[in-house]
Amino acid sequence: METRPLSILLLLLLTMLPIGCNAEVIDPLPPDEYLESALSWLEAHAVTGQDVDWQAVRQEAAAIVPDPQTTADTYPAIKYALAQLDDGIGYLSEPPGSADTTGFGIMATFPEGIVVGIYPDSPAEKAGIQMGDLIESADGKPPQPETYHPWITTLSSSGNNADLLIRREGSDASLSVQLDTAEYNTSEGHPTGRKLPLSSGSVVYVDLVADWGSRDYPTRVQKILRDEDDGTTCGWIIDLRRNVSGDIWSYLAAIGPILGEGEVGGFVYPDGAIEDWSYRDGKVFWAGDERGESYIRGSIFVPNHPDLPVALLFGKLTHDAGELVAVAFQGRANVRTFGEPTAGVPHLNLHTPLSDGASLGVSGAVARDRAGKLYDEPISPDEKVIIDWRRLGRPDDPVIMAAQEWLAAQLVCAQ
Amino acid sequence: MAPQQLSETHHGSEDTAQDKSTALSRGWLWPAQIAWLLIALVAWGISIAGLPLTLDAIRDHYQTNFGIWQYGRNQSGEITLNPAYGEPAARAGILERDVLISVDGLPVAADDFSALDDIIPPGEVGTPVTLMVRTGDNPQRQVTLLRGGDEGAILARLGLSAGFVGAYAVGVELITTLLFTAMALLIFCRRSSDGMALLVSITLVQIFVGTLSPSLIPYLYDQMPQWQPFFDAWISLAAVLLFSTYYLFPTGRFQPRLTMFLAALLILWAIAAWFFPGLYFWRFLPEGSSIAIILCLTGIAAQLYRYLRVSDAVQRQQTKWIVYGTTFAMIGLMGRTVLPESVSIAQPYFDLLFAPFTRLLQLLLPLTLAFAIFRYRLWDIDLVVNRTLVYSGLTVAVVILYVLVVGALGSLLQAQGNLTISLFATGVVAVIFQPMRRRLQGGVNRLMYGERDDPVGVMSQLGQQLENTASPHAILPNLVRTVAQTLKLPYAAISLEGEIVAAHGQPVTETESWPLIYQAETIGQLVVAHRTAGEPFNPADRLLLDNIVHQAGAAARAVGLTAALRRSRRQIVSAREEERRRLRRDLHDGLGPQLASQTLGIDAVLKLMDRDPEAARSLLKEMKAQTGDAIKDIRRLVYDLRPPALDEMGLMGALRQGAARYQESDLSVTLHGPDTLPSLPAAVEVAAYRIIQEALTNVARHSGAKTCIVTVSVTGDSLDLEVIDDGRGLPPGCRSGVGMQSMRERAEELNGRCIISSQEGESTRVQAWLPLLQDAS
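Residue numbers (this note's numbering), protein chains in the order written: chain S, 7 to 421; chain L, 264 to 1040.
Watch out, some of these pointers could steer you wrong.
Label-pair ranges, simulated between beta-carbon atoms [claimed, not checked]: (1) S:200 <-> L:535: 53 to 61 angstroms; (2) L:400 <-> S:173: 49 to 57 angstroms; (3) L:523 <-> S:313: 24 to 32 angstroms; (4) L:488 <-> S:378: 56 to 64 angstroms; (5) S:313 <-> L:537: 27 to 35 angstroms.
Here chain L is said to cover these stretches of chain S; the calculated rule only asks that three of the stretch's residues, wherever they fall, bring their Cβ under 8 angstroms from a Cβ of chain L [what the hints assert, rightly or not]: (6) 184-197; (7) 265-279; (8) 397-407.
By construction, these hints were calculated from the structure, which means they are not laboratory data.
Note that CB positions come from ideal geometry on N, CA and C, so glycine has one too.
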């Protein structure tokens, strides 16, 4: 019968099945080698490593974990070394297994406790928490700062739920909200934007929220720009106030058409090596290599008018890649910055995988702008405007109003 | 394949199919054929051009795969590394921007490279490579990696080389391309005069060879950006062809008419997009995918509309084929694109099993399309559906069984990935495989065809039904019900003498009849409907129905005989009662009053005898006449009971006397027979006398014969009678009258037979055989 060859094939496939079902697991390095490799790496690459006595750090680390059995046992020693570096960036973490993270899906300023970020499909969104809500307490205690970003709180809870007391603007009574943790996507940012009318002409406002390199982020931003940009556009407002971190190359690819062509900044390593960042023909380059984040679905946005003035907004939450964007705009013609000083120092967040899958990060290089100026402290705005977090992004947001006022006074808009 | 022969072996009804060209067959075929060839050439070009790229990509994938790249060079000009998270190099302890000093002991002084693989000396997968690296200014350390990384390790364990996997993938691709090409060329050669067939075949080649070939995406499309405008146009052509086919198949007319507008829109879009590439909907987000989905929905809706409103039975069958093929092609396509993203399949299994499997699934679409076109009557789709059900069920069952055995043994023996366990499990599966397949096949067959594949079972079930049927008139209804249920037919009926006597199910138009034959005599018909319209019986069905008809013939005959027996028994009883009533009437109404009046007469004579002898004498005379009448009545009665001549002269004498009566008419009757017969049973004598008498009456009255020969003989245990005349014979279609009927009955009453035969225009012959031995009853 014709069934014979089929049967034989099926049996053959079966015999092959088991051999691959057990993928080989490579053992990580022994704990002592593991610790040494982490310390060596920090010593070799940390910007702030020159001032550290590594001999002493190694001795102290060995004292903290005298007889590590697993690589995880050595984490306190590595964290001790990071504390010695004190660069405001360094971290040690398990790598995210997936883009989904368990939590409440909320980001608030610290110590104010004002909600400035709600992730789509997160428990916070489903519970009806709104931007500008004030978190008075979580489980009866005031919100706690994030370890690596002490100016924000995400209410990361050890339990599976949290009881929040919330005060909404215009209301005297506190709301009680219970949140359960759930998985949601934290790596994907959802940029928004709109057209803001001026007395003559208009400006396009884009909220460049944080994103960790999701594939469509640059496309989304450029779609907003394309949709809002018309003949009346006479300036841009780029808001980095909620840009707490993420992927600098994604941001540069997104706003490249506004930023302009050529070298836009660079990194300076402890050993003096320089790597520049540039934007050419719709692509982002790091040290001459094209970045994959440059991908735009469809065609690349071309502004109706080139070189329009740009108002850049940042504040105490703007950090890491957000700060690097601010650096990239330094030296572009017709840029003015508004808001408050940024959170940290614009550095290269250099990170390495460790052999057990953990991730070790450190400030690996100092940023410099296109004019060659090095940044070793937070970036201060040209025009200091106190940020009212409860009015963030609204028409009566004082920072946006200040930016609009400045843009209206520019020659392009005044015509 | 010889489609024409195949279709001819079926019924005569689809002879027309060969001439049934679709609406797309008018004058522009010549340029269409040229376009066909051009598009096909490009499709093959794309497929072939991508093969070396596929080969290289797969081979490189297994050659390298450490998950490590060159980051750049440090200030001293040394090469720095960039390991990827979770990949072998990172797990082996290489850190970001470590300096690479040597590979397998050889210092790295090469030019810049991107991936480490470019500078690693080639070797078979799974073999070790030793790197010397340094973190910053710290001491050097040694890191050992296996060529091909994790996936290379799997390949090494399978005993395969990277080159083999590449060649294998190219081989599968080549085979697929060849099969698609063969299919399309077959359609082209057989039906190049049919526009619809041309469209379908070029759609096959364009999409499945040219567009869905893994050569185009990702390799060609991504690696040859300068050709992207052409590739975009090519993909838009694929969309135009695919949806035109959806809108037109199978008649070649746009139905509903709206689809013509949609097709025109598609063509306009394809032309416009050539000039404005932003219109290619796969390039924009997220509306692009919704446009594709809407397009697919229009195609499905058009086919659905056609199925429900337009198609005849044959076209519906074709749609069934398309649905079948499309479903599998889509599963294959989705398996290829979606599944690897959502489920992690180790690359070697993807390359060795999954990718070829999904590609072969796609191959079902051209196969089914070709079937739909060539075999206008699609009588084999059920076989395909059947086998699919069986083998998918079997695969699932086997995998479950296998996993269970391996899991159970693995946890029992605390061992995983043990070859012995997998071999044992394979052995178990191998042992159970064939019985399981047979059982599944049986189950699926029962589901689809009832008990067709178990003729013995059907026949014994039928036999049991017949056996257990208490009353004869329930036999035929039981029989048709059994036939309909066991074969899963919507309708079955038995007709005897043109009249439906038993039926099961609703009568439908599309039926076939089998004659019920018993002893070479057609006694009726078994009428059965096809399972679904346009799906005639296959040889297995026919064989079984032939067998059933043999049984049913006997059963129907038995039912007829039983009825006849009852009828005749009733006739006998009523005839006896009739006879008794006549006797009683004759005795009571005739003789009784006569005798009573005689008694009265005698009383009167006694009274008159002295007073008036004259009156008494005349009264006695009167009474004598009355007595004579009474005697005549008695004679008549007795003659009716049994002709007295029989007793007086014996059978031959009585016959001779009877024959003599015809001397006066023109008929000359000759009697042949022995002078004396052995002593015969009285009933036989009467029956023989009456049959011959009746036959002679018929000859005299109806035949117009001049002579008539009567032969009486005793052979063995029977008395044989024959009456032959030279008259005009029985007219055709003559219904037997009361006389003929009574002749037969008289013979049959005695377990004899009477046959009346006639040669038209010549003679009539009556033959009767009357057995002499009375049975005990």
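Quick rundown of the hints versus the structure:
1. A C-beta distance of roughly 31 angstroms is found between residue 200 of chain S and residue 535 of chain L, which places it outside the suggested range of 53 to 61 angstroms.
2. Between residue 400 of chain L and residue 173 of chain S the beta carbon distance is about 55 angstroms. The supplied range of 49 to 57 angstroms therefore holds.
3. At about 50 angstroms, the beta-carbon gap between residue 523 of chain L and residue 313 of chain S misses the expected band of 24 to 32 angstroms.
4. Under the hint 56 to 64 angstroms, the C-beta atoms of residue 488 of chain L and residue 378 of chain S, about 35 angstroms apart, miss the expected range.
5. Range check, residue 313 of chain S to residue 537 of chain L: about 33 angstroms between beta-carbon atoms, so the 27 to 35 angstroms window is met.
6. Counting residues of the segment 184-197 of chain S whose C-beta sits closer than 8 angstroms to any C-beta of chain L gives 0, which falls short of three, so the coverage hint is violated.
7. For the segment 265-279 of chain S, the stated coverage by chain L is satisfied: 3 residues place a CB nearer than 8 angstroms to a CB of that chain, which reaches the threshold of 3.
8. Given as covered by chain L, the segment 397-407 of chain S fails the check, having 0 residues with a CB less than 8 angstroms from a CB of that chain where 3 are the minimum.
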